[in-house]
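Q: Taken in sequence, the protein lines are chains D and A. At position 262 of the first sequence (counting the first as 1) the number is 262 in the numbering used here, and the numbers step up by one without a gap. At position 217 of the second sequence (counting the first as 1) the number is 541 in the numbering used here, and the numbers step up by one without a gap.
If you are wondering where the hints come from, they were derived from the structure by calculation, not from laboratory data. The model shown is predicted, which means the values in this text are computed figures rather than measured ones. Don't take every hint at face value.
[Unchecked claim] Covered stretches of chain A (in silico footprint by chain D; criterion: 3 or more residues with CB under 8 Å from a CB of chain D, positions within the stretch not fixed):
1) 343-355
2) 398-406
3) 421-429
4) 433-445
5) 466-474
[What the hints assert, rightly or not] To list a few chain A residues with every Cβ distance to chain D over 12 Å, as calculated:
6) N336
7) L411
8) N556
9) M644
Heads up, the beta-carbon is just placed ideally off N, CA and C, and yes, glycines get one too.
This is what each chain is made of:
2 protein chains.
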Amino acid sequence: MLSFEKAQEIINREIESLVINREPVELYKPVKYILSIGGKRIRPALVLMACNLFSDTITHAIKPALAIEIFHNFTLLHDDIMDNSVLRRNRPTVHEKWNQNVAILSGDVMSILSYRFIGDCSAEILPDILDLFTTTALEVCEGQQYDMNYESRNDITGDDYIKMITLKTSVLIAASLKLGAMIGGASHTDSDFMYEFGKNLGIAFQIRDDLLDVYGNTEKFGKKIGTDIIANKKTYLILKALEEADDESGKILRKLISTKNIDPEEKITTITGILNRLGIREIAELESKEYYNKALRAFDLVTVNSKQKKSLKDFVKQLMEREK
Amino acid sequence: MLSFEKAQEIINREIESLVINREPVELYKPVKYILSIGGKRIRPALVLMACNLFSDTITHAIKPALAIEIFHNFTLLHDDIMDNSVLRRNRPTVHEKWNQNVAILSGDVMSILSYRFIGDCSAEILPDILDLFTTTALEVCEGQQYDMNYESRNDITGDDYIKMITLKTSVLIAASLKLGAMIGGASHTDSDFMYEFGKNLGIAFQIRDDLLDVYGNTEKFGKKIGTDIIANKKTYLILKALEEADDESGKILRKLISTKNIDPEEKITTITGILNRLGIREIAELESKEYYNKALRAFDLVTVNSKQKKSLKDFVKQLMEREK
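Turn these sequences into a full structure, and let the hints guide you.
A: Structural data, given as structure tokens:
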């Protein structure tokens with residue numbers, strides 16, 4: 001079976017050799033740029049691995065996998081404008097390197113290009129694939145809108161957060177797995193289980209990301225911690241803490257996450273202290289684990305033998321156990 | 325046969341009753357807003373009329389027609405951000421009424437929504453329809469990029485301009501007619517003639533628009549003239565004048581179209597004077613007429629009897645002869 005590393009290699013090779021034979025260069029250079037500056041290619045690799053679960057040949061899954069990766073990068077490009085981010089993967093964002101208009105229009109063209117690659121599916125499954133892709137694309141935009149709405153609201157709960165990240169990030173992972181399965185010839189039931197697998201995985205991964213930002217192993221990896229805290233992000237941990245806190249800690253926490261006029265180190269220490277006292281790490285770990293187990297239960301129901309499932313299972317385990 | 329007015333009425337009714345049953349409202353309110361503030365619905369009406377040329381029932385063409393209108397409005401929404409426009413159809417633009425992030429994201433969602441409506445085509449023609457729609461959508465973005473490139477360049481010719489407007493506006497009119505034809509069951513050859521018809525029409529209309537901005541009948545309609553001149557737009561007339569001008573007039577013209585520090589009335593009078601001396605009105609009228617005739621020749625080749633072609637022919641004639 002196709003390992004993640006092998007799938008990733010195929011995707012990277014395809015992206016490198018991707019010739020978008022169109023003009024003007026001013027429009028397509030930023031597209032090439034954002035696609036070339038990396039990322040782990042998790043979503044397109046999942047398309048290929050999911051396809052390989054049901055079919056020996058994965059050739060037909062390559063273009064749809066690229067569609068998913070191009071769409072994902074389109075959302076990053078436009079999110080970066082909306083969030084005013086200057087860096088993406090340690091490189092200047094498109095609107096920083098060029099300008100905002102270029103970033104808007106190149107993003108638009110990427111969103112359309114992703115449909116060009118989706119259109120490459122065989123005619124019999126095209127209506128279903130198109131429907132899945134479009135529904136997912138709408139949901140990702142809706143998730144981004146909820147994320148923006150939440151910034152200015154003070155009444156968001158952990159459940160609201162789960163709903164938001166489900167739309168903003170999980171459904172694209174779910175769609176990647178379902179798309180691959182459909183192209184590989186999976187039954188409707190199996191395709192739906194693959195979707196459930198991906199949706200719950202995505203939530204588990206995001207909560208884990210939130211955890212790692214506070215509790216990541218910095219000694220081992222040298223990665224900065226507390227960047228979400230400094231950016232006043234309402235992560236799962238913060239929202240759960242607000243739910244669990246008494247009046248006193250709640251007040252302090254609310255104040256801290258609405259100011260930038262405080263020493264970053266002090267802010268990280270104080271907030272981490274509150275999280276620790278409230279046992280938020282344990283709550284979040286449990287929650288992440290529960291979604292992970294739910295994901296695995298859905299995957300277990302897919303009617304493919306365990307041996308064939310091994311590489312996908314190993315890969316998601318590795319993602320769950322990462323320490324940075 | 326379906327008249328333009330009837331087709332327009334159907335589209336307006338469909339748009340009014342369009343329930344996009346999705347959340348959050350913050351994302352879909354601007355979509356509803358831009359779709360509701362009007363516009364002549366020329367493109368979707370053309371889809372219906374083209375379909376009706378080949379088929380008595382136009383029901384299957386309604387959703388694809390809406391796709392074209394939603395896509396068109398998406399491009400207006402994002403163009404307004406890029407051009408910093410505050411008004412659209414005498415109403416505040418989306419980024420003015422809400423904010424820029426809302427305008428970016430609502431535009432994104434409209435572009436994706438247009439694919440939802442395209443996906444409604446019958447499975448047999450879906451691959452071809454999807455291909456046509458995506459190619460057209462890419463071209464429209466490319467046209468907008470050329471338009472932005474041209475703003476800062478001083479070496480643009482009339483031919484460059486034709487290339488730009490072909491992409492930015494004509495191909496969507498062409499695609500509307502071809503799409504309608506395909507849904508109505510037209511042959512490949514007829515569908516291609518419909519495309520040629522629309523492409524040349526679009527160019528003819530744009531040159532006519534440029535003419536009307538300078539030579540429109542203000543007394544009759546009270547519409548302001550010279551808005552393109554005040555905005556320093558490099559229209560077909562200006563570019564042709566730059567080609568035809570001697571050194572002296574060329575220098576004056578070049579200076580005038582690169583400044584905003586001049587009394588608007590004086591600017592309009594001086595530039596119109598130069599255009600008159602160079603006979604630009606006649607050149608542009610001839611050019612527009614030539615594209616119009618080319619369009620009609622393509623339409624003549626469509627294997628449908630003349631009687632059935634009448635309402636479409638009447639409508640395009642009316643568009644060509646409008647005086648505002």
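Q: For each hint given before, does the structure comply? Return the numbers of the non-compliant ones in rising order.
A: Hint check: nothing fails, all pass.
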